[in-house]
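Q: Residue strings, one per chain:
Protein chains: 2
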Amino acid sequence: MEDEKTRALPESKAMNGGEGPCSYAQNSSYQRGVVEAAKIRINEAIANHFDIESHSTSLGPVFIADLGCSAGPNALIAVQNILEAIDLKYKSKGLDAQISEFLVFFNDHVSNDFNTLFKSLPPNRQYFAAGVPGSFYRRLFPKASLHFMHSSCALNWLSRVPRQVMDEASPAWNKGRIHYTNAPREVVEAYATWFAKDMESFLTARAQELVVGGLLALFVPAIPDVMSNSDTFTGTEMELLGSCLIDMVKVGLVGEAKVDSFNLPVYYTFPKELKALIERNEHFSIQRMEKLNNQKKHLSLPNPSMRSLYLRAVLEGEVAKHFGNEIMDDLFNRYTKKVAGSSFFLNPETDKSTIIFVLLKRKN
Amino acid sequence: MEDEKTRALPESKAMNGGEGPCSYAQNSSYQRGVVEAAKIRINEAIANHFDIESHSTSLGPVFIADLGCSAGPNALIAVQNILEAIDLKYKSKGLDAQISEFLVFFNDHVSNDFNTLFKSLPPNRQYFAAGVPGSFYRRLFPKASLHFMHSSCALNWLSRVPRQVMDEASPAWNKGRIHYTNAPREVVEAYATWFAKDMESFLTARAQELVVGGLLALFVPAIPDVMSNSDTFTGTEMELLGSCLIDMVKVGLVGEAKVDSFNLPVYYTFPKELKALIERNEHFSIQRMEKLNNQKKHLSLPNPSMRSLYLRAVLEGEVAKHFGNEIMDDLFNRYTKKVAGSSFFLNPETDKSTIIFVLLKRKN
Chain A
80 MEDEKTRALP ESKAMNGGEG PCSYAQNSSY QRGVVEAAKI RINEAIANHF DIESHSTSLG
140 PVFIADLGCS AGPNALIAVQ NILEAIDLKY KSKGLDAQIS EFLVFFNDHV SNDFNTLFKS
200 LPPNRQYFAA GVPGSFYRRL FPKASLHFMH SSCALNWLSR VPRQVMDEAS PAWNKGRIHY
260 TNAPREVVEA YATWFAKDME SFLTARAQEL VVGGLLALFV PAIPDVMSNS DTFTGTEMEL
320 LGSCLIDMVK VGLVGEAKVD SFNLPVYYTF PKELKALIER NEHFSIQRME KLNNQKKHLS
380 LPNPSMRSLY LRAVLEGEVA KHFGNEIMDD LFNRYTKKVA GSSFFLNPET DKSTIIFVLL
440 KRKN
Chain B
80 MEDEKTRALP ESKAMNGGEG PCSYAQNSSY QRGVVEAAKI RINEAIANHF DIESHSTSLG
140 PVFIADLGCS AGPNALIAVQ NILEAIDLKY KSKGLDAQIS EFLVFFNDHV SNDFNTLFKS
200 LPPNRQYFAA GVPGSFYRRL FPKASLHFMH SSCALNWLSR VPRQVMDEAS PAWNKGRIHY
260 TNAPREVVEA YATWFAKDME SFLTARAQEL VVGGLLALFV PAIPDVMSNS DTFTGTEMEL
320 LGSCLIDMVK VGLVGEAKVD SFNLPVYYTF PKELKALIER NEHFSIQRME KLNNQKKHLS
380 LPNPSMRSLY LRAVLEGEVA KHFGNEIMDD LFNRYTKKVA GSSFFLNPET DKSTIIFVLL
440 KRKN
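Chains as they are written, first to last, in the working numbering: chain A, 80 to 443; chain B, 80 to 443.
I should point out that these hints are in silico values taken from the structure, not numbers from a laboratory. There could be a bad hint or two in this list.
Derived DMTMM-like pairs: lysine to aspartate or glutamate, alpha-carbon spacing no greater than 20 angstroms straight-line [to be verified]: (1) A:276 with A:265; (2) B:222 with A:175; (3) B:400 with B:335; (4) B:118 with B:166; (5) B:254 with B:339; (6) B:354 with B:279; (7) A:222 with B:175; (8) A:222 with B:166; (9) B:351 with B:361; (10) A:329 with A:265; (11) B:222 with A:166; (12) A:416 with A:405.
Next up, chain A with everything else stripped away, as it sits in the complex:
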């Protein structure tokens, strides 16, 4: 079978599992804002581009995947939106949606908390459900088996940290930082190059898995063209978290080399860059590409503590793997204080981060 399916990739950590106070399930209202804002795009995508005749006249099942689903309510809402949109489309064609059966695959890393995800599945759902463990940068499904694939707030996670930024001998060595925000050009370029490679792997795998005419709906965290990562809350958040670690180096709580050797595998693309990367792949046509209007993005994190919990739910696994669990409370307490003292976060207008919606169709 294909190399890209079986080649070993280092396994990234997933979002915080369980349902406790630091869990992703309890601290993903920002990401939920994206899912809610995405509903209208999903509806339009399915109404205008989902090839209902060729997928369902055989009465065969419709296969749907959510890639990078994590645990918690967001994946369930996204899937519900997709199924409602398909139902609407069936009705608009005078068809009974009940004639098709749906199998929804929830995908995330092996370390994702699938047990919590499965417990949260609605018992009266109108679809069959399966969990698929593994990185979406390789093959996850048999050839030509999926009809609709969806991914929200997940493609900003790289398959791993680019090696150069951890290499003392490289001009891209990222000393004293944990991310490329405000880093030298070489560091930013190393991240961008790795993102391009990951996107290629992602699209190549999906092109094989989708049926001809199948849709790939992506919601990708990004930065407007001509802006920089330091114009965004997310970029600034990571820089701030890095500065907390540097403070802990200064008081002897963390080793300096430990910080130098740590980098977050997260990248925020630009619309132009993402478009160019997609156009490199000959198997997809871009049906739509636009900025998602997430009006609620600042309402969801009204105070420093919630902003800190949001970041902790997302990054703790990755940070704790390197620094150990014991410093996590101290680190995120310091971070909360820095957020509270930062004028940047007081003004929602400061944040230039955005979400790009791209709808791709598998060509003949």
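With chain A held as given, fit chain B onto it using these hints.
A: Using the frame of chain A, we list chain B on its own:
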């Protein structure tokens, strides 16, 4: 969609999760013996009955399911055996097995430890993998989507305890016992009736999910016709565990009513009974039906402690749900002592329990 898919069934507890000393993963060598002994039956089933031409000439994916997989190595070995058998069959037909891709669905209750199962998947496996949470007594997959379904040591678990045995007003009230071993006729009948109902649900669901010509290979723990449950280790084990609880009632550690209201949802069928139940379902033809020769069944549990851990890994979830976790150590310590003092377990010949292998094919 179908009622049987969405109707609420009480959720049974799964085998013990994790990889610790009381886990199913560490204490399922008896069940592994079944999987190993089953290999030759799987090979023959696929060689003689797997309809490779109709499943794979379209180069479409082959969908396989393991129903009641639990966590631990057994499910992985069973799946490996199935794939090796298909590979052999392709080769015997002069075909390259690489032309087909395989998606394997691992199914068990929502409470099964899917996280541990996913972590144990071989990274270089030659199949795509998905976990499917839910009871196999209802629909789990879309219509006509599976080519080969397998279930080993799982159909002895009822969907729930028959209600009459918990009803003080019923002649089937099972006072002072936790199972039907050596119980009055009415209790045994209540269990048998519920097993028949469960088998009907199971076969009706599978008939819808399998493609025409698809195979269903079942390995069902059973008792030879004309024997009784007290001739088996498993039946005797449950009676012995019940007697430990009665001892704990006598010294005031457990309430009497608590024992009276507890029953294990486990049933051991007979070959004749199982055959009659299958023949009631018009969608399947029996290709093979025979006793599995599990030579190693007594070697896998050489001493009372291991026999106790084996039972604990399987039953603790169910028992602790009713009696609480705090008495589990005491209960299984008492059980270990009783096993050590029982002549029944010293002689492997005493055990008349068996495994029935049935191979069913979905009719046109």
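Q: A separate judgement is required for each hint: does it hold in the structure or not?
A: Here is what the structure says about each hint:
1. A:276 with A:265: holds (17 angstroms)
2. B:222 with A:175: Distance of about 17 angstroms is within 20 angstroms: holds.
3. B:400 with B:335: Roughly 17 angstroms separates the two Cα atoms, so the pair holds.
4. B:118 with B:166: holds (14 angstroms)
5. B:254 with B:339: Answer holds: residue 254 of chain B to residue 339 of chain B is near 5 angstroms, not above 20 angstroms.
6. B:354 with B:279: Satisfied, since the Cα-Cα distance of roughly 12 angstroms is no more than 20 angstroms.
7. A:222 with B:175: Between residue 222 of chain A and residue 175 of chain B the Cα gap is close to 16 angstroms, so the pair holds against 20 angstroms.
8. A:222 with B:166: holds (18 angstroms)
9. B:351 with B:361: Holds, at about 17 angstroms.
10. A:329 with A:265: violated (26 angstroms)
11. B:222 with A:166: holds (18 angstroms)
12. A:416 with A:405: holds (19 angstroms)
Violated hint for the displayed structure: number 10, the only one.
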